[in-house]
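Asks: One-letter residues, chain by chain:
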Amino acid sequence: MGGVRAAGWEAPITVAELVNAGPLAGARMYGTGEVQVRQVRIVDELSVLGQVTPHTAVVLIGAAAGGGWAVEMAMRRAWEQAAACVIAPSGGLSAGSGEVLAERLGITLIFVDEDPLIVAVRIASAASRPEAARTQLVARCATRLAEAGPSARRVLGVLNAELPGTSVTFLDRYGRHVAGARPTDRPGVERPGQDRPDLDRPGAERPGQAGPDRSGVERAGVEEAGGRVAVREAGGRSLEGEQPPLRAAAGEPPVAASDGATTDEDGRSHEARGERAAGRGEGGASRGGRGAGARWSAEVEVLDQEGGVLGTLVAVGSSRSPGWPAAVRTVLNLAVAPLTAWAARERLRASRDFALQQALAERLLAEAEAEAEAAPGTGTEHGTGPEPGAGAAPGTTAEDGTGAETEARAETGAGTEAATGAEAGAGTGAGAGGPAKAGSKARMEGGARVEAVALGWPVEGELTGYHVRPTAEAADSPLARTLITAALGQVPVLPRGEGWAGWSALDPGELAARLARGVRSMPWPCVAGVGARVEGLRSVGESLLGAEAAAFVAAPGTVARADRMGPAELLGALPTGVLRTPAAVVLRPLLAVDKDGTLLETLAAVLDEGGALKAAERLGVHRNTVTTRLERVKSVGFDLDDAATRLALQLACHVLLR
Amino acid sequence: MGRVIDRDELGRLSAGSRVFAIGTEESAYRLTLDWAHSVIGSGVELVTAGEADPGTLCVSITLVGSTTALGEQLPAGDEPARAVRALERRLGERAGAVVALNLAAENALVPLIAAAQLGVPLIDGDGTGRVFPLVEQTTYALGGLSPAPLALAGGSGELVLLETPGDRVEELLRPVVLSFGGWGVAACYPMTAGELARVVVPGTVSLLLRAGAPGAPRSAAAPYGVRTLCRGRILAVEGSTGHGADLALPSLPSSIVVQESAGLRRLVRLEAHNEIVLALADGAPVAMAPDQICMISTEGGMVVDVDKAEPGLEVEVMVVRAAPVWHTDRGQALGGLRAFGLPL
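Going down the list, the sequences are from chains R and S. One rule links them: number in the numbering used here = place in the first sequence (from 1) + 99. One rule links them: number in the numbering used here = place in the second sequence (from 1) + 27.
Do not rely on the hints blindly, as some may be mistaken.
Here are the in silico distance ranges between beta carbons for each label pair [unchecked claim]:
#, chain 1, residue 1, chain 2, residue 2, range
1, S, K335, R, G161, 49 to 57 Å
2, S, R254, R, D143, 43 to 51 Å
3, S, G146, R, G190, 23 to 31 Å
4, S, E341, R, V435, 34 to 42 Å
Partner residues aside, some chain R positions facing chain S, computed with beta carbon under 8 Å [unchecked claim]:
#, residue
5, A162
6, G165
7, G167
8, E171
9, M172
10, L244
11, A247
In case anyone wonders, no lab produced these hints; they're calculated from the structure. Think of the CB as a built atom: it goes at the ideal place given N, C-alpha and C, for glycine as much as any other residue.
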């Protein structure tokens, strides 16, 4: 339980903690609740408030809670005394004006339904033993997490419910949101007024008789406008302002303190925090917008079953309590194991799922090809074919049961997959006979095509192939598939070469546009190609080839269209890097005598321009010079009258000189 | 020598009497004004307490009860005279002058009616300098005088004479007024002009005459100064608690929350019990009884009664400073916050 005793664990509990996770759970709180509670004072008469010391939770009873006016006056006087909060029985003051005043004065007001005296006793206990209150929270979270089981959504649900005032997000290793609070959710998560220092409002009243704590908090508020890093320290210091020196150690920025005390893994995540906060891009920026209140964050890395980084749990909050981030970290650590289990299970399912869908797509292509071979020119039959097939689909799934649908599909799929090889082989092997055609059609209707329909894949009508090719190493096929289907909708995704291919019912223009977005979302540098539009699955192979060719042509990060490809694009698609060595071999005899490269340049000019005269103009030399150089080229063994030699030489020049 | 309040002056007096008056009922006010018109004749002489012979018996006249009831159950017309005569019979002495208990709306006119009916002068001054809900809450009482013996005349010919220790008058009076049908005219605080000169808030009748003159500023009706607490919009009107439970005031406590529309945009809470007795701005007390706190409608310029306040109404909250005697310890005890049950 080393983590449980992180630094800050014994720090005085704050008002927000009392309400969020402590003895006041469920009470209505207005204000930020950031002030620490050191003691409790029961106030039955307003005059007593003059003796209240800073960091006191003021519990109003009797005449002091006897009406809205009394509660308002108590709030005012408590504020003047720098009390931690005012706790009043519900009903004494309307929530509306209580909220307004709490915000205006910057003092926290809490309404409780229970007997205020009982509440006071509980607060006194929590204030005197803050670590016990925090341990209670951790115990409750552990129980709830165990109930939640291995589900990222449920785990994050528990974290966000049990750690109110704190926004917990699970980001994958690329920094993308997986579960939990989204940046856009934050307004709802945060408490009203938390990120609105009342200095922002014109005319916030600031009477002169502020308590000792007042100036410190106000100073922190002013610095908040400057920057986040400064804010956190300013917030920490302001709390320490009137504390004895002993407290200084606990008064370090809370997260940093807890990081230092834990393992090296935590230390690493702490170091990474700075750049993360700076480089999180959109999310960071949007948080920054509301970010005046984001005074601390805690991060815990979640590792997958192989020890790689699965993602990061990020908790952000604005509580100034030094103890709260430590408690949050402990709870986050509790969530690591269920998240790892969740990831392992999901990965298993996804990879199995991916393999399945991949096999299905291959089968579709193979069957369509076999069919095309078997019955060329029977396009009309395909138009009617799928109708009964589609009708049969619900029957198939119903048969498999309703429980774990994915599981059921997986099992059926695995079964068919095993059979596919044999069946397809048999189908093609049967040759061009009539029975074979009927057999393959029946298979299409009842098998692969039905599953494809269930998956929402296009199998009829006009189809367009696509190809996505990473230009750097990329191993995460399930992720690629997720991103591609996110961009294109339900389409098959097949591994092809180093990349992925498939087809869509979208027209090439729309497909290219969406693919461009998909390519940008990929974590690796990618290019993509879109094939020509074809009719039916039988011709998709053609379109896929075009798409693959186009992908070769595409500039990094872009999408090229096969139907827009011309000679220039073809030339551009030449794998110059690969051809450079053969080109050098072909031209070696020439290069051996060509000391300064003029012969190669001249040869290229002559071949490009189609004659010595134009070449001389381009090179800016006399025609005879060109002729002389050509003689030297011929002399090392190149027959420029031979068309094949000319083509080869021109290609070699292009590759070498480009 | 004093001046004479004739029909013209009557118009000014009635206008002046409404500037800061709360709890007025339009029909009752009209009725009282008509009543005064019908009896004023050639006018009523207005004298200061010092001008009258110090031995002259002066009687204080006030309307007691609900002005709404007055509008519904019309007076016979002779109530002020009957009340004074009853007191004279008890004292064995003729009243030589009448004086107002307070000068809010109808209560400014009823003493004038009495003076006209009896043919005696009206003293320039009153017993509060503002209005308090209880008959005992007067500068007369602060000066050691008793409201009793008190004669109360009702609209159906009723007449009751109360003779009791001063602090029990209100308690006895209220059920009697109720049984009268809701209102009555009281003649009380019998005293000599010499005593009156000592305890009266002087010059308030002529002050209202000036304040009621066309074009006179509102502040002309406040002898000891008036200030604007805030201008704002009523956010909420709530029932209130925490006013002493054993306190016997004619109405229930309520609370009016006003959001200041400009400046500091403070949250102003007006704690009312019959009248506004405490004003908090962001929880800090900024005005309280015995000063008079009232809401003036921004739109109509009229005083907004506590029970007519409703969310959305734009009001100006003004504080009329009470006569200095109210700010003494004895004055605070009688007309300060604690008198309204607020333990501050």
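Asks: Was the hint right that A247 of chain R lines chain S, CB cutoff 8 Å?
Replies: Hint on A247 of chain R: violated, closest Cβ of chain S at ~43 Å, above 8 Å.
Asks: For the range 23 to 31 Å, tell me whether the beta carbons of G146 of chain S and G190 of chain R fit it or not.
Replies: violated, 58 Å
Asks: Does the closest beta carbon of chain S sit nearer than 8 Å to the beta carbon of E171 of chain R?
Replies: holds, 4 Å
Asks: Against chain S, with CB atoms and a cut of 8 Å, does the hint on M172 of chain R hold up?
Replies: holds, 5 Å
Asks: Is the distance from the Cβ of R254 of chain S to the Cβ of D143 of chain R consistent with 43 to 51 Å?
Replies: Since R254 of chain S and D143 of chain R have Cβ atoms about 34 Å apart, the given range 43 to 51 Å is violated.
Asks: Can you let me know if the beta-carbon spacing of E341 of chain S and V435 of chain R is within 34 to 42 Å?
Replies: violated, 59 Å
Asks: Identify whether the interface hint at L244 of chain R stands, where standing means a beta carbon of chain S within less than 8 Å of its own.
Replies: violated, 43 Å
Asks: Using the C-beta atoms of K335 of chain S and G161 of chain R, is the stated range 49 to 57 Å upheld?
Replies: violated, 32 Å
Asks: Does A162 of chain R hold up as a contact with chain S if the rule is Cβ-Cβ below 8 Å?
Replies: holds, 6 Å
Asks: Hold the hint about G165 of chain R up to the distance rule: shortest CB distance to chain S must be less than 8 Å.
Replies: holds, 3 Å
Asks: Grab the minimum C-beta distance from G167 of chain R to chain S and call the hint holds if it beats 8 Å, violated otherwise.
Replies: At 5 Å from the nearest chain S Cβ, G167 of chain R passes the 8 Å test, so the hint holds.
When the structure is compared with the earlier hints, violations turn up for hints 1, 2, 3, 4, 10 and 11 and for no others.
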